[in-house]
Amino acid sequence: MARLHRCRRRLCASLAVFWLGGAGLLCADGWVPAEPPPSGAAAAPGCAAPAVAGAPSAPGGDEAQPYLRWEYGSPSRHRDGPAVAELHLVASDGSPPEDASWFYQLLPLASYREVLRAGDAAVMRAGRFEGGAGEAEGGGLAAGGLQDPSIFRLGEEGRARGGCRLVVASGIYAMADVLGTALVRGRRSYAQTAMLLFGDSLGGEPPVSNSVSPGWPSYNFSGSGELYWPQTGHTFTLTAREGTILGPVRALRDTGPVPGEYAGAENGISFTPAHDPELSAESSSATKPVYLVGRLPGGGTLTYTFYVHRSRTAGTDLPLGILLSAAAFAVTGLGIIVYRSRGRLAREREAGGLAA
Amino acid sequence: MLLKGYRLAIQHVMFIVLMYGGRFGVNLGPAVPCFACPYVTGCGGYCYLMGLQGYIGFGISLGHFWGFEGLRALGYLLLFAGLVMLLGKAWCGFACPFGLISDWITLARRRLGIPEAKIPPAALRRLGAVKYALLGFCAAGPILVNLGVLHRDFYIPFCQMLCPGKPLLPLFAGETRHFALDLTNAATLVITASSLAVTGACLAAMIARPRFFCTFCPMLALIHLLKPITPLALRKNPALCHGCGTCQRVCGMDVERVCTEKASADVQTGDCVNCGDCVAGCAADGALSLQFAGRTVVSSSAGLALGLRKPRP
Ligand code: SF4
Ligand code: SF4
Ligand code: SF4
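Residue numbers (this note's numbering), protein chains in the order written: chain A, 1 to 356; chain B, 357 to 669.
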């Protein structure tokens, strides 16, 4: 009842605001409702000191143990159409990763399943970040060999970040499966991520390559829910790929745990990130990173990076929406009836006047 | 009657193609000049209004309007112009799924004997200008988003807030979710509240008046702006007109000029959707015709008008 009341208040206020013409202006970034949306959010606003429902204790109780991870830079598009993603291989404690290498494959979305089954990809590339932290170099390419790889060289900004920067470009719709490895405080650690690249290009399909992946420890990652993009409230399952042996896995954002529900899986984890009011207040394309960190037998880590969006469905209310439509229908219908009967009365009066 | 029957048949075929075509491999492309709505899962083409907003917004946000994005936006504009050249406003009269839904509602109203609501011609002319304002909104909205004036959730503002096609058309694919109010944040609340209020109001008005939404539709405005390059046109030979007024009475869009024009052959107004009802209804041989590049496709005749529905009450 209280929720209905809240919704009604919000509805009236928003309609008044909208019809008075100030809708967009008031909703410019930054103006958010005082209360969190009724999305079943488990976390407190801000999620700075979240309560973690059922989170396993950190391996060894050591939240502060540094781990290697991929962080995303800002995505862009090359003038000729390819989608360009920038990735930084960094240690969570800011220490410089050493002896770093990378590998990635582009799996075309059009034939994603077949490509996975056949074990080959549109493009595979591997390399080393020469000179360690601060002097990394990236590689990149797009469909049809149209790109000049020199445009993907490390810039000043990448150097300033102190990590290793990799730029992946795709001239087709593709999933980029990216792996990296480096020594973090002397321990060999690994980082993995996968990102969608909606690239375009004037060239044709890229040649299919099936070079051998480096066989580094890695995860299989899958998400429940609609296949739109990863969202809070979806359950993500991470299992170690064949040959990878893992200790417990935890979900971190920076060094703190991410609120959500955890369930153990064989050599992996199932994790459902909780709804985040901060994320909900931003646009649907805004994301927050989640790092799923597993401990490897040698003391190093294997981290899977993925970025969650706010839920597309948790804040929606169908009955209320139908009610609103029905109300607008009724009010308009009534308005039309009144308008027509007034017109008829006026005509009748006119006719009466003429007759008189 | 014959012409109307053909039109209805074509409208239904196009409804199936545009609403379900994707399910059997049909895709008319990203620049369809009518409401082939991408919110319908498995649709057979994409409404250009969404593309227009999306490409403007996307190109600007990436700062690449002069590169691939700009080229693509231009390519789709040319494709749209090409499709408009092919069929002109017949996209509205013969192909638009939302237009057909309006026609279904009108048919039902007539069967129930509910009289049509009349709007005085002067008011109708003023209301007709709204569609150009909405077209401006389609172009300006994404720019305002990119300038940070609007919240980023307003990325395709016409589709999200004002198009009744967004909630209604997906119903025919069994999807009700666009009727949900989104309480995620203030922007989504305003967006969905506006969309649902507009849809409810439109539905009521569509019962009272045929093709009510078409009067305000920015797609019609955009197609009309391309009139100089559109070969399909409604023409009148005023010398043959009896002045009986049947054309205006049978016109769903209540186009006055088709009846009152006494000098010019051009009666293709901004509100006309090239449905051909006036041509079918007119009993004066050759007074009205639909022409393609100067060649008559169909012209009015007593024979054609025979058996036509009675003028509306
Ligand atoms: S919501 Fe309306 S304007 Fe947008 S794509 Fe669908 S039909 Fe076209
Ligand atoms: S004017 Fe009417 S028929 Fe034409 S696109 Fe718009 S809604 Fe469809
Ligand atoms: S003027 Fe004729 S063709 Fe145009 S909308 Fe009216 S009836 Fe249809």
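Calculated from the structure, these hints are not laboratory results. Note that CB positions come from ideal geometry on N, CA and C, so glycine has one too. A few of these clues could be false.
[What the hints assert, rightly or not] These stretches of chain A come out as covered by chain B in the derived footprint (C-beta under 8 angstroms, 3 or more residues): (1) 84 to 95; (2) 275 to 284; (3) 314 to 328; (4) 335 to 349.
Unsatisfied constraints (hint numbers, rising): 1
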